[in-house]
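Order-wise, the sequence lines are chains A and B.
For the first sequence, position 288 matches number 504 in our numbering, and the numbering has no gaps at all.
For the second sequence, position 62 matches number 278 in our numbering, and the numbering has no gaps at all.
One or more hints might be untrue.
Remember, identical chains collapse to one label, so a pair may be satisfied in a single copy or spanning two.
DMTMM-like cross-link-like pairs, simulated, lysine to aspartate or glutamate; straight-line CA separation at most 25 Å [as the list claims (entries may be wrong)]: (1) LYS221 x ASP275; (2) LYS353 x GLU285; (3) LYS228 x ASP575; (4) LYS299 x GLU312; (5) LYS237 x ASP575; (6) LYS612 x ASP581; (7) LYS225 x ASP278; (8) LYS268 x GLU285; (9) LYS228 x GLU609; (10) LYS334 x GLU234; (11) LYS397 x ASP407; (12) LYS353 x GLU295; (13) LYS397 x ASP278; (14) LYS334 x ASP570; (15) LYS334 x ASP568; (16) LYS466 x GLU434; (17) LYS526 x GLU610; (18) LYS353 x GLU270; (19) LYS612 x ASP495; (20) LYS594 x GLU235; (21) LYS353 x GLU312.
By construction, these hints were calculated from the structure, which means they are not laboratory data.
Number of protein chains: 2
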Amino acid sequence: MRQTKLFTKTTKDTPKGEEAKNAQLLIRAGFINKEMAGVYSFLPLGLRVIRKIEAIIRDEMDNTLNASEIFMPALHPLENYEKTGRDNIDVLFRTELATGRSLVLGQSHEEVVVPLAKNHIFSYRDLPVYVYQIQNKFRNELRAKSGILRGREFSMKDLYSFHVDEEDLNRYYEQSKKAYKNIFERAGIGDSTYMTFADGGTFSKYSHEFQTVTEAGEDIIHLCSDCEVAINEEIIDEQEKCPECGEKSKLVEKKAIEVGNIFKLKTKFSDAFNLTYTDEDGKEKPVYMGCYGIGVGRLMGAVLEVNSDKNGMIWPEEIAPYQVHLIPIGDKAREKAEEIYENFDQEILYDDRDTSVGDKFADADLMGIPYRVVISDKTLKKDSVEIKKRSEEEEKLVKIDNLQSYV
Amino acid sequence: MRQTKLFTKTTKDTPKGEEAKNAQLLIRAGFINKEMAGVYSFLPLGLRVIRKIEAIIRDEMDNTLNASEIFMPALHPLENYEKTGRDNIDVLFRTELATGRSLVLGQSHEEVVVPLAKNHIFSYRDLPVYVYQIQNKFRNELRAKSGILRGREFSMKDLYSFHVDEEDLNRYYEQSKKAYKNIFERAGIGDSTYMTFADGGTFSKYSHEFQTVTEAGEDIIHLCSDCEVAINEEIIDEQEKCPECGEKSKLVEKKAIEVGNIFKLKTKFSDAFNLTYTDEDGKEKPVYMGCYGIGVGRLMGAVLEVNSDKNGMIWPEEIAPYQVHLIPIGDKAREKAEEIYENFDQEILYDDRDTSVGDKFADADLMGIPYRVVISDKTLKKDSVEIKKRSEEEEKLVKIDNLQSYV
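If we strip away everything but chain A, and leave its shape as in the complex, we get:
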């Protein structure tokens, strides 16, 4: 991508009314645009990051969890929520049809996916079923001050699993933990993200969250320094010890962001809609369910809260908008840069703007693309470019011929 073709501009000014570091950096770098508190547009560079996170999630859903992708709507009939007793959740956005029918905007999709499953699940032969979607959710938050960490409208991956019994649900639930671990590792926050025991509602002892430790977090977790599992503050009174090693003294309080959660719903929602199946003996039985969420934008924001410095963002390679930020200095270097750009694969952002070297370097730091590649008269004399990883201090001379294989 030629930077002159990128319609977005960077700015040095901190956007007013924006307290969260993630949103400040993303707005300054032209990755997102703020429409109102908790509601953002994703611009070309930001959307590329979102698409890469989505690709990781789809890969793990399709291949590790054998799930099928679907796409459900945001408009839900209120009466479905009356059936599940969730019609008075305070974060529901409400609207109505021209015909007067009351609707809510989906903040989750149990109330839609269960009636849908009723049209396709009849017998034990039809189970298990695993379906997921990546789609925008709506939550009417009273305050929305955490940038893309807590949006009023936000993209989420939600997976729903349907099983013949609790045992099969448990099997899949354990498998989902692996997929989630893979996702956070591939997105570059594996080291700071911990499985966390949380409230399981009225029907399960625990649910599990995936919490990324950062000062920007709105949650408090108690992390076992030995076992690398944590307990959410909300259940610390019941569960005072590490669930793995049984030690209390090793728990350390940390601020964290919930980037994912998995929940055994058991028969709560199937009962509400009478979702049942016929077993091998012709007996009607309730379907067991699990649900598994990841906030796509929130994950992007969490990555930034963990991976950034005073100069800007530092993108992990697998979710970076581009792999290489190519910067020519001087006219001769410019010619060579054009040649490199034309012959390189698509993962290159080429700063072909007529701006100062200082501005180019400042923007490269702000945008946080993993490899900054500078080409100048000095490096050209050695048939080389100067490569600096955004996450490191040192620069390195690399032969132009070796560039593609190096990055």
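Since the structure of chain A is provided, determine the placement of chain B on it from the hints.
This is chain B only, laid out in the frame that chain A set:
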């Protein structure tokens, strides 16, 4: 894809309360699920069609029109609509923030994209700008009886262009006609889709629609049998003759579906938000705009209204969910089918179910995958499979070794 792994079921029953052929077929084949009138979920096979249509649209947007993809939210502040005078459109869904602020759900995005553009367009050097998105729109239709042709929530591609003057807008507008023509051709309805002159609002003489001729259409167009352009009924009193050849007698009345429209907005929306730029002489000037829409689900529905028969759907190859529907008859054939399936590329739907041959054939016709490939003891004796195109009557014996290159 193994059909046993597809959680959706087909049904012979016409879904009740569904009048539109497109939705009847899609529901029966398990491509979509109806949540309420005008609101559908896309299931795995339906979502594959949507993704293929999106891929065509993205290709034409990126490469023919040099546009950049972005993603804007559905929650819009009502005050933006007060500025453009569109706050009383009757199809607006309304909602409000917990703080009391009035919102509407986006039925189009001029009111969001123009304030966004103000953050990135300052000088003539920043123009032109072309941005598009593929995103769900909301329209509070009083009646929604046309299946996915007219939804209350529906996916749309909307492109917005920004220019220094009317001349540059005109240039891009003409280019957009070519991209639109390509899209409808690639989606398989090029032959029945016509550019149609329509009302241009208070600021342009005409806008242009792309209308697909079918009995299911809710629009009336007057099609010139010579020039293959049409006039929308709404302006037939002003524009009585074919705009190309000037003949009146050649106009024929047809029912049609509007699958796309392009519109010169000129400065209507830039004026409302004071979107201006500084020209080469330092003078402040208004930005000229165009907008260009395509309903993704509507296009899918239009394809079906044109391409289907009494047995089911007939998908054009470029948007079919799979290219091949592989059906084994008998145990020996089953073994060979497994082998073919494992070695073939991904574009195969493999009917590995234990159902009757009659059911398999009926489902293959209903689902409308372009190539039905039957393998049986009889064809195996000739190292062959029997291939039937869904759009043709004749079957053909083809050597198994030639299968991949044949389809």
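Structure-based check of all given hints:
1. LYS221 x ASP275: For LYS221 and ASP275, only the inter-copy Cα distance (17 Å) is at most 25 Å; the intra-copy one is 31 Å.
2. LYS353 x GLU285: So LYS353 and GLU285 pass the 25 Å test inside a copy (16 Å) and across (21 Å) alike.
3. LYS228 x ASP575: Only inside one copy: LYS228 and ASP575 sit 10 Å apart there, 65 Å across copies, limit 25 Å.
4. LYS299 x GLU312: Classified as both; 18 Å inside a copy, 24 Å across copies.
5. LYS237 x ASP575: within (21 Å within a copy, 58 Å between copies)
6. LYS612 x ASP581: Intra 17 Å, inter 61 Å, cutoff 25 Å: intra-copy only.
7. LYS225 x ASP278: Answer is between; shortest inter-copy Cα gap is 20 Å, intra-copy 37 Å.
8. LYS268 x GLU285: Classified as both: same-chain Cα gap 17 Å, cross-chain 14 Å, threshold 25 Å.
9. LYS228 x GLU609: within (22 Å within a copy, 66 Å between copies)
10. LYS334 x GLU234: between (44 Å within a copy, 18 Å between copies)
11. LYS397 x ASP407: Within. Shortest intra-copy distance 10 Å satisfies the 25 Å Cα cut-off; inter-copy 50 Å does not.
12. LYS353 x GLU295: both (19 Å within a copy, 23 Å between copies)
13. LYS397 x ASP278: within (15 Å within a copy, 35 Å between copies)
14. LYS334 x ASP570: between (60 Å within a copy, 22 Å between copies)
15. LYS334 x ASP568: between (56 Å within a copy, 23 Å between copies)
16. LYS466 x GLU434: within (22 Å within a copy, 69 Å between copies)
17. LYS526 x GLU610: within (17 Å within a copy, 69 Å between copies)
18. LYS353 x GLU270: Cα proximity of LYS353 and GLU270: in one copy and across copies (15 Å, 21 Å).
19. LYS612 x ASP495: For LYS612 and ASP495, the Cα distance exceeds 25 Å both inside one copy (65 Å) and across copies (43 Å).
20. LYS594 x GLU235: neither (42 Å within a copy, 72 Å between copies)
21. LYS353 x GLU312: both (17 Å within a copy, 15 Å between copies)
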